[in-house]
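Peer 1: Residue numbers (our numbering), protein chains in the order written: chain V, 1 to 741; chain E, 1 to 284; chain X, 1 to 164.
A hint or two may mislead.
Ranges of calculated distance between the beta carbons of each label pair, as one might list FRET restraints [as the list claims (entries may be wrong)]:
hint: 1; chain 1: V; residue 1: V167; chain 2: X; residue 2: R151; range: 33 to 39 angstroms
hint: 2; chain 1: E; residue 1: D46; chain 2: V; residue 2: R12; range: 39 to 45 angstroms
hint: 3; chain 1: E; residue 1: A22; chain 2: X; residue 2: A11; range: 35 to 41 angstroms
To be clear, the hints were calculated from the coordinates, so they are not data collected in a lab.
Remember, it's a predicted structure, so these values are computed and weren't measured experimentally.
Glycine residues also receive a C-beta, built at the ideal position from the N, C-alpha and C atoms.
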Amino acid sequence: MVDRWLRREDERLLTGRGRFVADLRVPGCLDAVFVRSEVAHGTLREADCSAAREVPGVAGAWSAADLPDLPPMPDAPGVEGREWPALVKDRVRYPGEALAVVLGDDRYRAEDGAARVRVRVDPLPAVVTAEEAAGDEVRLFEGRSNVALRGEAGRPIGDEVWERAAVVVESRYRQQLLMPSPMECRTILCVPEGERLTVWSGHQAPHRLRHDLAGLLDRPEESIRVVVPDTGGAFGSKSAVFPEFIAVAWLAVRLGRPVRWVEDRRESLLVATRGRGQDQQVRLAADADGRLLAYELTVEADVGAYPHLGVAFPMQTAWMATGPYTTPEVHATVRSVLTNTMITYPYRGAGRPEATSPLERTMDVLAKRLDLDPADLRRRNLIPPDRFPYRTPTGRTYDSGDHPAALDLALRTLGYHGWRAEQARRRADPAALPVGIGLSCYVERSGGERGSVHDYVGVEAGEDGTVVARCGAASSGQSHATVFPALVAETLGVEPARVRLIEGDTDELPGGVGSFGSRSAQIDGAGLQHAATLLIEEARERAARMWDLPIEETAWSDGVVHPVRGTAAMGLSELVKRTGPLRIDERYEADMAFPFGAHAAVVEVDPDLGTVRVLQIVAVDDCGRALDPAVVRGQQFGSIVQGLGQALYEGVPFGDDGVPLLGYGLLDYLLPTYAEIPPIDLEETRTPTPRTPLGAKGAGESGCIGTPPAIVNAVADALRLDHPERLQMPLSPDVVWRAAA
Amino acid sequence: MKPAAFDYLAPRTVAEALDALAAGAQVLAGGQSLLLEMHLQRVHPDLVADINRIPGLDALTVSDGTLTVGALVRHRAFASPGAVPGPLGDLFGRAVGYIAHPPIRTRGTMAGSLAWAHPASEWCALAVALDAVVELRSTRGTREVPAGEYFRGPFQTAREPDELLTAVRYPLLAPDTGVAFTEHRRTGFSFAQVAVGAALTTRDGVITEARIGLANCADRPLRAHAAERALVGAEVSSWAFAAAGETAAEQDAAPVPEPYADVDYRRQVIAVLVARTLREAVPV
Amino acid sequence: MKITLSVNDDAYPLDVEPRRVLADALRDDCGLTGTHLGCEQGVCGACTVLVDGEAVRSCLMLAVQCDGVPIRTVEGLAGPGGEPHPLQRAFSAERGLQCGFCTPGFLMLAAGALERDPALGEEEVAALVGSNLCRCTGYEPIRRAITRAARDHQKGQDGRHLSA
């Protein structure tokens, strides 16, 4: 029978048989609801749960005072001493921070109880921008500066470089806070059974979660099983342990009962991790021919109330500041500053959009200053293909790339010259709405930083002829269950249907790292290919022994080992039956890789209203070898739409009291809807990474990186802005109208 | 995000519903705003009276030049061509596409929008522009309130807590009336930053009557009286419409700032949108 | 309150509080967890089900409002013999889902529209896709899937005997 489902995930997800954490039926399970601070910064005076405990259906209610042994969040290296309690002890530092937890027979009862918890928080002045917070007039931690981290990449640039440059462009940009907003918010279900604790969570890194929980609960890792069932998107926001997770796990163990927390959208918009959050200042110098001489990037990052998780992430921006150009001198400095918001943390792109956007926007300003076509200016400076591996002044060694090819393909696909002609035509017609064309070239980093660019991989042949692949990744929509078996099957030369994948269950895997930083295809994929190759080698060795031949006299094809000469042949099933279990377990390590590409956007602007209509987006992305081109295109497309969201719609406005003005949830935080989707043309170039035999680089973050500056540049171009600093994302109509005025 | 507990009644007659309201019930009609607010626990009634099972309230009738919209007529009804005759139906048909999206329009009701009185509501703006009359019934009797006196502020109306908004009546628009409706918003899901409905009649190129309704241009729906006065007697021209836009923005509107739309920007949008809507409304 | 929910032609006698929203009754009381809650604000549409043939947000209806009214959820979308609905096939074929969390809502939204009007036009499809949120796909594959299903649905009706 012909398989009617293109992905293995599809049948269950399309028939209502997906299993997300909220779907799991566990007898006697209690639902957790958190009582949250309505002020951004304040002193906790009272959190009295006694009335809540009297509410029918409430199993218990606790404030920090009721749980003196409740462990705080684990310390991040280098930023010790600023404790993040799981429940507020004395100081509220971000709006929505949990003051108490109520467990009920269901969410309704637990919310009834939460409504009866009496809390009083005396407000303190709140600081929500890095600039406000950096002065330390308002301190989040007494006796400690709000500046939690300073770092730099590259060497300081001498004054003479700026002085002798033909042109120096200076500008400031804001990379606004964004909510990752997976359709399923965060989830955790903890089921204690005897000495064991089973934790179900929609999560990107089950082994990391197990490790953290074991440390927090002071028990051996082996006593905890973390299972990742279907996960409703993540985009970086589900890779850590969170204060709520600690309270839930701790209470489940203490009560000996299953406890679940399913974050709802209202609390998510208050307390889910947010992405971006940087104020940036740049200087870009070029000679009269448009050759870049120097680039300086200064980042002031608002990292939220506790420095534990996202504090070092702005360094990613610093390391990637060079971008795709041969700029000889690049220097980036970073200050991470604590602010009264939930923490900033990786969100799809994680540091690279923040590196690409200021550089690409400034490139367009420079082109205008030099009276050069922005495409020409880029072409003059892109790293040529023969310069790889290319070591950047900010410490990265790019593996491979053909940037000029990507840019040329993007321009061709867009019909660049045609749009320039249309632009000229409209400029001559006073009744026509202006159009603008924006470009953006980017380099991404995928796989992770040194020390984390590894994962557990395994391949096992069964007596029944099936093959089990195992890896430490965890899918939240990226089709691992389809793509990885296909890759293993291809390597072994067997039917894909014979291979199945096990991931996302710590009991089933000797170890694992997870899925983040666009690492799964690049690391786990290459690792699975490697493990399958080792399995072939092992099969040949066993067969050679059996047939009493030297191993060179054996060969492998189409899932069968056979002698180079002769007709004997043995499939995996028979081999296992005759020689015993055949299983490869490996820790596979590779190096980071650098996907790249070029994006282009055409917009039409209504200057009277400030509305931006995107007429076309072209994305040329290069992720090396694509394991499943259709899956990669799906990632590209979705990522571009998230990039569109950053450029035009999404943002977190604050009231004077430091509380985000998102009271109506997704009616206030505007994710792109279908009505906003422009025609999007996807193209690709394929430059494999030489760092693995597979050649795959990460895919999926490209749109968040490449698209926003292309759109903003297009709007600046439409409005013919000489210095588009007033265009700060999101380009809401009021922002565009003001810039056009 | 769950509603707090309440008692529930599903009256089968208006009289039963009025008794429930007299006992303090909150009316549940389409429920598309009410349930959201109950989830957010901004509204927590002790008693909810679900009027969806009362026969007859879903009637949409025309007689003697008056359209009567019953309390249970869903938004979607106005998307059907011919549901409401003439230019009034045309105007409603243009406006209804801006109200949320199809699943919400399936449940939500026009009368419910008027009862809820969100400042950005399209229907509320049209009600004041079109001289609608709101029928309010209680155990104490029935009264009719002109839309112009009905809206008192954001989510505030002349309706007493024990009154049921049983119907809205609109005078039909003359067949030669031109109509238009435009809305400015950030995405397909956001509320209107500004919405404008207009109805124009002209004779020999001179404007004889103008009605302009403004949504989200103040703390309540507005009729742009000053702009209308400036138009009547004027010749149809882009200049007249632009001037009317300026007048509506500067004299009629009282914009409230919100994220992504401060007062200056709101006035700009009002001026532009009113002018554009009027241009589109010129009868052909 | 005692009510009977009639879901996918099965009767579920329930005793629910009036405040219980339909989505929770379906998920927790009927055990039909294919209907997902993504926002509980009527915005995202992941909880969309058919009530009396109409697509509604099941987070914005009370279970007690649906006593005795026929309800269809994603679990009831396939044919009686388990044959996938054209929409289910089309969503897979057009890669209209990634994480799959929002998918049941889109399926039911489109199913209701297709049943009312099998010849859905471009504008109607656009309005449908624009009714719900998806954070993975960027919507275009969902639009293609619904368009394809409408085509297949019609073909299926015209030439059911031809299809094997």
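Peer 1: If a hint holds in the structure, say so; if it does not, say that too.
Peer 2: Verification of the supplied hints:
As the Cβ distance of V:V167 to X:R151 is approximately 56 angstroms, the hint placing it in 33 to 39 angstroms is violated. At roughly 43 angstroms, the beta-carbon separation of E:D46 and V:R12 lies within the given 39 to 45 angstroms, and the hint holds. Distance hint check for E:A22 and X:A11: the Cβ-Cβ separation is about 36 angstroms, which falls inside the suggested range of 35 to 41 angstroms.
The structure fails to meet hint 1 from the earlier list, while all remaining hints are met.
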